[in-house]
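First to last, the protein sequences are chains U and Z.
Remember, my numbering sits 8 above the position in the first sequence when you count from 1.
Remember, my numbering sits 220 above the position in the second sequence when you count from 1.
Among the hints, erroneous ones may be present.
What the hints assert, rightly or not - Stretch-level coverage of chain U by chain Z, calculated; a stretch enters the list once three of its residues show a Cβ under 8 Å from a Cβ in chain Z:
id : stretch
1  : 29-42
2  : 50-57
3  : 76-86
4  : 92-106
5  : 112-126
Calculated directly from the structure, the hints in this document are not laboratory data.
Even for Gly, the Cβ is constructed at its ideal location relative to N, Cα and C.
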Amino acid sequence: MLRASATTTNTDIDLQGINGDADSAAKGIEFGAELMRFAEAIARRDHVAITVARQTLLENAGPAVVIDAAGVAANFQRMVRIADAIGIPVDNMDTDIGKEVRSTLGIERFASAQNTLNANKS
Amino acid sequence: MSAFSYSEAPWPVREDIPQAYQAYWQKLARPGSWWTGTERVAIAAESRNALECEFCRARKQALSPYNFEGAHRSDGDLPAVAVDAVHRIITDQGRITQAWVNNNVDEGMTKEAYVELVGVVVTVFSIDEFHHALGLPVEKLPTPEAGEISSYRPAVVSEDIGFVPTVPADGNVGNEADLWDGLRAANVFRALTLVPQTFKDWRAIANVQYLTFEGMGNLVKDATRAINRMQMELVAGRVSSINECFY
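Please take these sequences and the hints and turn them into a complete structure.
Listed below in structure tokens is the structure:
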């Protein structure tokens, strides 16, 4: 969805921000590096890193951004567990945008990729 | 003091967030489709135990998580099969398999019960994670309410995706007419529909933490949010990547 949103807004971004590269996260996305680090700390459940990242985001972007970013991160802590606990496959593996994202991020290495790759074989 | 008052929060929290959390807490305490109110609250408590479970920590490092013996940190209020399910969903969800879900049925947990358990676990977890992100303590779990489970099952389900039956994309008819609009639904929306109320409960939380169905169609910026869609998806993508989620 990041690629789709960037395409819609005609914004040049670098998907490697998803993989944790701060410079990439900042490309075309306001407060991108700060948001990426906040999200990363939440997903890793690193309380010290959360405190530091939250304060940095707060000082740069303000409290409303912190609240909404916390909400999105919390939502996706849930969504990944729904997807994997139920074993749902990717809806469409044939779109160009999906192929580009998977190739760029190298996510076929994840164990849960089997839920899609095996489903497509059968 | 009422639940989710956020009176101690250092910054104002959008008012739709505590409203949704309060509504969910009330539902959590009540009998569901396949678990009683007492069991649902016990599932929620177990989702918190999983985060401190040494056995889960060790199993996460094991190459073969299904051949790893040990005991979970648990309150002991649920069957062992349910405790293990809760802990796996929280700590090692990427290695859940069809075979394990099927085996749980043999151990006494139906797929319907599993789906409702997944819904409770992930919804409570996401509310707790919101608090952790903001440096706030988690909310006290609600007091369970007595009553009977509904045992409701949708009339039409299919087995074309995932480990459990789901309402098909065009199955939003009859009692399930309010699941979504139109004839298309992404697999992630269908995932929990074997227990329609579970699907509705997590959607209500997603509406405030992320976006409504309608809001998801806006790839630029939702007027009710302080961050635009690219910023949202960067956060979403980084969380998903660290969790090694392919979907």
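So, going through the hints one by one against the coordinates:
1. A stretch counts as covered by a chain when three or more of its residues have a beta carbon under 8 Å from one of that chain; for the stretch 29-42 of chain U and chain Z the count is 6, and the coverage holds.
2. Coverage of the stretch 50-57 of chain U by chain Z holds. Counting CB-CB distances below 8 Å, 5 residues qualify, and the rule asks for three or more.
3. Residue count for the stretch 76-86 of chain U with a Cβ under 8 Å from a Cβ of chain Z: 11. That meets the three needed, and the coverage hint holds.
4. Using a Cβ-Cβ cut-off of 8 Å, 8 residues of the stretch 92-106 of chain U lie near chain Z, which meets the minimum of three, so the contact claim holds.
5. With 9 residues carrying a beta carbon less than 8 Å from a beta carbon of chain Z, the stretch 112-126 of chain U meets the three-residue requirement, and the given coverage holds.
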